[in-house]
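Trainee: One letter stands for each residue in the lines below.
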Amino acid sequence: DTGVSQDPRHKITKRGQNVTFRCDPISEHNRLYWYRQTLGQGPEFLTYFQNEAQLEKSRLLSDRFSAERPKGSFSTLEIQRTEQGDSAMYLCASSLVGQRTGQFFGPGTRLTVL
Amino acid sequence: AQSVAQPEDQVNVAEGNPLTVKCTYSVSGNPYLFWYVQYPNRGLQFLLKYITGDNLVKGSYGFEAEFNKSQTSFHLKKPSALVSDSALYFCAVRDGDSGAGSYQLTFGKGTKLSVIP
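Chains as they are written, first to last, in my numbering: chain D, 1072 to 1185; chain A, -19 to 97.
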């Protein structure tokens, strides 16, 4: 399968713990996006990268959140000192510069903070 | 700022009947519009997009959407619904004039489509 992959698919953690998620985009895609989706809502944009540069961050991305894409390939999203309000589905998407196509989404990581 | 409204939380339709899922948008520049479908415990799957050109856009699985600039709408349609079309559908918009700026998609809240056998 050459689509976007995310790991883990599910994560249960206790409040106050740190968690890290990984996203592997479609191999030739140079843009990578993170979204958060809560129950009954559409995905909300968090941040995006072009190659290794983080070009935009949403106000939703508090200072407890950090994202990296060190070599312009896979990306990680870390949440420090998790709170119950962080419980959500975290979606990763990728696209190719110059192609006006839709973003292609991974299956998501479902985070539950107890 | 850009926004999307999907006025119906749920749409029920009998199998074989035509279906419409409504979407209206607001964006300052030229709209790039998208429809995605989400099945339970799955990620979003791209259905179709409007960037420019014909107002009627054809996509995957027999779906199509009509772009109406004057009504700022991009309704999703299918001539004959299948039970397997039952899923959550999301409309999304991006500002096509953002240049090197924002590439973020803004999504609606989603519409649950139920196709009744």
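Rather than coming from a laboratory, the hints here were simulated on the basis of the structure.
Even glycine gets a Cβ: it sits at the ideal position worked out from N, Cα and C.
Some clues are possibly wrong.
[Claimed, not checked] Taking CB as the label site, the calculated pair distances span:
{"hint": "1", "chain 1": "D", "residue 1": "T1109", "chain 2": "A", "residue 2": "N(-3)", "range": "29 to 39 Å"}
{"hint": "2", "chain 1": "D", "residue 1": "E1154", "chain 2": "A", "residue 2": "K89", "range": "18 to 28 Å"}
{"hint": "3", "chain 1": "A", "residue 1": "E46", "chain 2": "D", "residue 2": "N1122", "range": "28 to 38 Å"}
{"hint": "4", "chain 1": "A", "residue 1": "K89", "chain 2": "D", "residue 2": "N1089", "range": "44 to 54 Å"}
{"hint": "5", "chain 1": "D", "residue 1": "R1135", "chain 2": "A", "residue 2": "K38", "range": "37 to 47 Å"}
[Unchecked claim] If you want a taste of the chain D side facing chain A, the calculated C-beta under 8 Å gives, among others:
{"hint": "6", "residue": "G1113"}
{"hint": "7", "residue": "P1114"}
{"hint": "8", "residue": "Y1119"}
{"hint": "9", "residue": "Q1125"}
{"hint": "10", "residue": "E1127"}
{"hint": "11", "residue": "L1162"}
{"hint": "12", "residue": "G1173"}
{"hint": "13", "residue": "F1176"}
{"hint": "14", "residue": "G1177"}
{"hint": "15", "residue": "P1178"}
Trainee: With 8 Å as the cut and Cβ atoms as the points, is G1177(D) at the interface with chain A?
Mentor: Hint holds; G1177(D) Cβ to chain A Cβ min 5 Å, cut 8 Å.
Trainee: Under 8 Å is the threshold here; is the Cβ of G1173(D) close enough to any Cβ of chain A for the hint to stand?
Mentor: 4 Å, holds
Trainee: Could you say whether the range 29 to 39 Å given as a hint is met by the Cβ separation of T1109(D) and N(-3)(A)?
Mentor: 32 Å, holds
Trainee: Holds or violated: E1127(D) as interface residue toward chain A, Cβ cutoff 8 Å?
Mentor: 6 Å, holds
Trainee: For the hint on F1176(D), just tell me whether its beta-carbon gets within less than 8 Å of chain A.
Mentor: With Cβ-Cβ at 4 Å, under 8 Å, it holds.
Trainee: Mind checking the hinted window 44 to 54 Å against the Cβ distance between K89(A) and N1089(D)?
Mentor: 30 Å, violated
Trainee: Can you tell me whether the CB distance of R1135(D) to K38(A) sits inside 37 to 47 Å?
Mentor: Once the Cβ atoms are compared, 43 Å apart, the range 37 to 47 Å for K38(A) and R1135(D) holds.
Trainee: With 8 Å as the cut and Cβ atoms as the points, is L1162(D) at the interface with chain A?
Mentor: 6 Å, holds
Trainee: Would you check whether Q1125(D) satisfies its interface hint, that is, whether its CB is within less than 8 Å of any CB in chain A?
Mentor: Violated. Min distance 13 Å.
Trainee: Using Cβ atoms only, decide whether G1113(D) comes closer than 8 Å to chain A, and label the hint accordingly.
Mentor: 3 Å, holds
Trainee: Taking the least C-beta to C-beta distance, is P1114(D) closer than 8 Å to chain A?
Mentor: 5 Å, holds
Trainee: Does the beta carbon distance between E1154(D) and K89(A) stay inside 18 to 28 Å, or does it fall outside?
Mentor: 23 Å, holds
Violated hints for the displayed structure, listed by number in ascending order: 4, 9.
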